[in-house]
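With the hints as a guide, bring the two chains together.
Quick mapping for you: the protein sequence lines, in order, are chains D and A.
Sequential numbering of the first sequence, starting at 1, is according to our numbering.
Sequential numbering of the second sequence, starting at 1001, is according to our numbering.
What the hints contain is simulated information worked out from the structure, not anything from laboratory work.
Don't take every hint at face value.
[As the list claims (entries may be wrong)] Label pairs and their in silico Cβ distance ranges:
{"id": "1", "chain 1": "D", "residue 1": "T64", "chain 2": "A", "residue 2": "Y1323", "range": "29 to 39 Å"}
{"id": "2", "chain 1": "D", "residue 1": "A151", "chain 2": "A", "residue 2": "H1047", "range": "30 to 40 Å"}
{"id": "3", "chain 1": "D", "residue 1": "N269", "chain 2": "A", "residue 2": "P1152", "range": "26 to 36 Å"}
{"id": "4", "chain 1": "D", "residue 1": "V37", "chain 2": "A", "residue 2": "L1237", "range": "21 to 31 Å"}
The beta-carbon is built from N, C-alpha and C at its ideal position, and this holds for glycine as well.
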Amino acid sequence: MAETQEQIRAMTPPPVIIDYTRQPIVVVDDLHIVYKVYGAAREKGSGATALARVLRRKDRPQTTTVHAVKGVSFVAYKGDAIGVIGTNGSGKSTLLKAIAGLLPPHSGGVFTDGQPALLGVGAALMKDLTGERNIVLGCLAMGMSPEEVKAKYQQIVNFSGLKKGFIKYPMRTYSSGMGARLRFAIASARTHDVLLIDEALATGDAKFRRRSKAKIEQLRKDAGAVFLVAHQLDVVEETCNRVLWLDDGRLVMDGDPKEVIAAYNEAINK
Amino acid sequence: MRGCACNKLSAMSHPERPGSGPAGSLTAPPAPQGKSGESLAAFAARHGLTQSSARPPLGQYIRKVWDRRHFIWTFASSKRAAMYTSSKLGQIWQVLTPLLNAGVYFVIFGLLLELHKGIDDYVPWLITGVFVFTFTQRSLTTSAKAVGGHLPLVRALHFPRATLPLAYTSVELQQLLISLVVLVALVLACGVAPAATWLLLIPVVLLQLLFNVGLSMIVARLGAFTRDITQLLPFVLRTWLYVSGVIFPVASLANRSETVRDNQWILTLMEANPGFVYVELARQAMIPSYVTQTNPQVAMANPGLLWVYAVAWAVVVFAGGFYWFYRAEERYGRG
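Excised from the complex, chain A in its bound form (with noise of 0.2 Å):
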């Protein structure tokens, strides 16, 4: 059978090689392209060899980027211990980072313009929700850069693409746990006492993590393709930023603006965005007095409703992103 395939494609277009080698080859005539490329992929075929740039089947993907998960999460960490080596505080700096910006919105939002009018604890609401939302923000905006910022290394080495975005998330994870060790900290000298809702708080990083992940392997193929994204998307976040009730309360927009009063829908449609939905569930775990309060201008959003939105976010983008990533596996390294 073999032999006999070997006799065939010998005879059709692959004359014997020269003794004479390849300077031989100049007086030979040259292959007819079309033919000759027909019948190398027969042989390649022929021996077991396949495509070295074809994209794996999805369950064998996800099997090598489970296989990459020491790499991914070594490469957080490392990439985590470089970024500071060149300031004088180094790692200080984890710590101080979210703490300043929570210091920045509590001057100007919380004195200047008074929206705390209303929370008792404005200040542990007010941190809970930056740092809770800083997670989401700072993961899409490093992961834009995760394929397009690593060109040389995804041209140099073989591994799963979607392994970057996910190291990259893993980055804003363990700074997240950081910033929660301070979050406790300052709930506590804030006056609040430590309550067993604290635990829910590892179910909602678990869905916001997910559902970051599956939001940074959008982000990460739309960066890797059009560079565009990493200028347009710090107004993107600001905006979201806004839109999900970090900084006020989202209920008390209704007595602020006449359209929002006219127009329910847009409360609705803010209290399903999954920026809202993260940062108000940690709060709701973080800060019993904001459950039991009753005020309608801080109206809390129904806790269920809130935890079916947690999950649906976070399975549908983690599935629909992951999955979309993996499309365009083999054309990352190109552009």
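Here chain D stands alone, though its shape is the one from the complex (with noise of 0.2 Å):
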């Protein structure tokens, strides 16, 4: 009975209500995304039926494609701060990498003020390079010019509370944590319009998360909208005033943070 109902929320996504009074910055409409994953499955046979294969002209059957989103659609506006919430692999990340213009729409459309930008700096990182260097690449990769990461360099270190001297080692030589913290100073060292953040606040200690969070509420305020993707519920409650519930690829609920999260809890604890 109760699964049922949930299959009716998930078919039917919430009619998308626009407010006239406010400026949108993110307008997502009727958005699929769709990638190949290559290599997910070990091919079988030899390599004589991998011949015949290609000779036929088939796909790779190691080439599985994945809907991830399945037809969002919602409007966001200047000041939103929004969080994301679903299970492992309803498409939460794929999302806002679409938000941000990283991910191709397989139909439907992404439309910004701006250009929205991913706090995931960490994939331009080299872990064989001191975070002097790494604090430099990082910036530069974000677009900053090297004035800028000049004028930003000492409030980076600072911000990522390294014990002193590591900034000078090799970042393969950094505990997971302290990764994270450098990633996360780097990363917020620019202000953006739209500012997409994907779990960042997951690492890191007691003192640095509340930091951090610190951090994420002046990043609000200076960028038009916040997404905000997490786990950890109470987080999510706190920091964002409205959020999305995302489960397998569709929107199940949009709206108040208190609402959706009881939902949810309630949904994902059956």
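Listed below in structure tokens is the structure:
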């Protein structure tokens, strides 16, 4: 009985309600994201069968397509802090990447004011290099000029709170918490129109988490809108004024954090 | 005007927000997808919002790439620094690798197969060829993975993707500059006197750089969507090495092979290929005795024609490669 209600929820997404009194900053319109994954399954049989497959012009069996986001629509306004919740694999991160314009839509569209930025500079860093060099590299990767990097450098070092001397060591010698702190410090050095944060608060000790929460609060004020993907529902409830609940790539609920989180908790605790 | 459009829109498909919040949405009829899509896009357009994954126009794209020049160069230096951190000799490998390469070719082709007959300065001739050709070879090999090997980066940050093959070519350019210092030292050690023609190496390397960037873009796009390119490329590059006269003079083939003697167009074709063009120009710049020798076995290609080829290859491949890479800009990171 409860499950069928779940299914009905999943099948019929909440209608998009436009608030004409506010300035929209992100409009997501019936968005579908489909991507290919290579090497998901092991190839069966020998080289001869593989050759036969090539000759018959069939697609590789290890290429699988993933339909990660299935028709999501919503409007985000200036000043919104939107939490995105859902179980693992529900399409949260994919949705953020699509908003950032990093995954092209299969159909539908994402319309934004300015360039949304994902707080994910970690991918540009090299673990064999010192923290110093990674700060410069990361800032340049985000599109900052060398002068800006110079101006922000000390601020980043201070915010990361690394033990003295560690900034001169290669990043591979850092503990995972230290690495996460440096990454977050670099990523948050720049202000953005739309900021997308994916699990940035999951690592680090209590002290750093407190500091990064304050930082996010500040980023939210500077930015037009903030999207936050997190599994810690208390963090979402504290920081956000609106929550999207995704399940299997579909939007289940969109609204007040308390209500949505309560409904989400009820659903997953069944 | 504006208010008018609003009313029309809201009347069309969007009911006012119910006071009860989204819980009430369960009972509300779902908006028809087609109609809702239409008006959402129109609503976005009316507020000046744009598609975030759309490809920028070419001029703007080039400007964006130019803005990232510091990133490209820093990325290249960082990559080069990180490359050898786990080996004991560290950065010395940057010098050692080209030297060992030249050594291998010298032992096999110079000493054992005696391909050096007729070339006075075979060692400088060989290492110039190997170092210059390696620049193109390595640019291609590494650029094949420039986009495909950085999917996490491509999926995390917004930047013109052309910076990736450009950065990889820059790594190889930096490596070449180190190699050229080694080359000058070796050529001097072999008894070749410094000459003013050495300065010609600068335009040769610049033209080759343009050519390499263009070709790297092509390979990077191929590699981003078809991973098999990285498997195939070593064979293509080895064939290219042999037909470019890096190890033995192309002209000597006429004496070695009857097929080539009877079909002179093979030689013409080999001498027009960019691999040969840049290698040959670098040799003519570095080794004065090579320019003045008259041995028909090593008959030197016409320098005027070589420069025409060098400029043509550089311009056509650079412009074509860049444009072709740019055409798929919004699709990188999808597969």
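Hints not upheld, ascending by number | none
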